[in-house]
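Asker: Sequence:
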Amino acid sequence: MRKQVNIHKAAVFSIVINAVQIAAVLAIAALVLFTDIEQGSAIFVEFALCVAAVLAAWGAMVDISQALGAQRVNEQTQMLEEAYGQLENLNVTLRAQRHDFLNHMQVVGSLLEMQEYDEATRYIGRVYGDVLSVSSVLRTASPAVNALLQAKMAESERRGVLMRVQTESKWEGLPVQGWEMCRVLGNLIDNALDALKQTEAPCLTLTLSETRERFCFVLENNGPPVPEALRERIFSPGFTTKGAGRGMGLFIVHEILSENGGDIRLESEQGRTAFLGWVPRVQSGEA
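Each residue of the sequence shown is one higher than the one before, counting from 1 in full-length UniProt numbering.
Fair warning: there could be bad hints in the mix.
Claimed, not checked - In the EDC-like style, the derived pairs of lysine to aspartate or glutamate whose C-alpha atoms are separated by at most 16 Å in a straight line are: (1) LYS197 <-> GLU259; (2) LYS197 <-> GLU157; (3) LYS197 <-> GLU220; (4) LYS170 <-> GLU220; (5) LYS197 <-> GLU155.
Claimed, not checked - Okay, the calculated beta carbon distance ranges per label pair: (6) ARG212 <-> GLU116: 51 to 57 Å; (7) GLU213 <-> ILE124: 50 to 56 Å; (8) GLY173 <-> ILE22: 44 to 50 Å; (9) MET105 <-> ALA229: 56 to 62 Å.
Treat the hints as calculated values from the structure; they're not laboratory data.
Glycine included, C-beta positions come from ideal geometry on N, C-alpha and C.
Could you build the full structure based on these sequences and the hints that come with them?
Answerer: This is how it looks when you write it as structure tokens:
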């Protein structure tokens with residue numbers, strides 16, 4: 001995580017702040033109720049009430065801050081769990097391929113011995129296709145991103161969508177944490193797959209690249225264009241055309257990239273919709 005959070009320390013701090021707040025308010029209340037002040041009593045009471053109100057407001061602000069921090073930690077934990085699950089799935093796939101490799105070689109060897117050259121060629125082609133589908137996503141320096149892409153390629157295949165991954169850069173030194181970039185790419189790919197449901201020969205292409213200043217990605221699909229009237233609001237929180245309870249995916253994408261000094265934009269026309277995103281090589285706070 002970019003910011004290490006000590007949950008125990010935060011909890012103790014919150015308890016101490018609330019205890020001090022309660023004690024101060026009780027002391028002021030006791031002073032007002034049990035102290036006999038003949039002159040200037042009204043001013044004293046007003047002052048005491050103002051102090052109590054300030055303490056209450058301060059305590060509420062501390063509580064809100066701690067709650068927001070806890071929510072952020074919870075979101076990061078969920079992203080880590082998702083990335084871990086994807087890494088586990090990728091590891092299973094790689095172990096299965098390693099286990100099957102010897103068997104494949106034996107089958108090919110037997111076919112060649114029987115002079116079944118055409119069948120051997122077809123068999124090699126099928127095996128090569130399986131190996132290539134995994135190898136195409138093992139080209140970045142982020143294991144979490146590699147695992148996500150493998151999972152999304154498998155999901156695309158199940159849904160009848162041809163997904164291509166073009167890795168023009170290993171993304172060495174990516175300033176965004178791997179699980180956060182998984183959230184970005186995962187939300188965009190999920191939205192694209194939904195948009196391609198009614199498309200004939202659906203196709204999805206993800207290109208990862210970099211320049212001297214930026215790490216970039218482009219996600220394109222051949223689904224229907226996004227209506228012009230919706231494009232300005234598409235990254236707003238809660239905006240969706242998919243029904244209640246949806247609409248946070250693209251907002252989260254924009255938020256993560258913005259927090260890391262990057263941005264994203266939409267290009268959409270008939271037969272092509274593309275999301276172009278980037279983050280700087282050096283975070284804006286470190287420049």
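Asker: Evaluate each hint against the coordinates.
Answerer: Hints and how they fare:
1. This hinted pair does not check out: LYS197 and GLU259 have alpha carbons roughly 32 Å apart, beyond 16 Å.
2. A threshold of 16 Å between alpha carbons decides the hint, and for LYS197 with GLU157 the separation of about 13 Å falls inside it, so the pair holds.
3. For the suggested pair LYS197 and GLU220, the alpha carbons sit about 15 Å apart, so the restraint of at most 16 Å is met.
4. This hinted pair does not check out: LYS170 and GLU220 have alpha carbons roughly 20 Å apart, beyond 16 Å.
5. Taking the CA atoms of LYS197 and GLU155, the gap is near 13 Å; set against the 16 Å cutoff, the hint holds.
6. A hinted range of 51 to 57 Å for the beta carbons of ARG212 and GLU116 is consistent with their spacing of about 53 Å.
7. Our hint of 50 to 56 Å for GLU213 and ILE124 is violated, since their Cβ atoms are close to 43 Å apart.
8. For the hinted restraint 44 to 50 Å between GLY173 and ILE22, the CB-CB distance of approximately 49 Å keeps it satisfied.
9. The beta-carbon spacing between MET105 and ALA229, approximately 58 Å, falls within the hinted interval of 56 to 62 Å.
Hint check: violations occur at hints 1, 4, 7; the rest are consistent with the structure.
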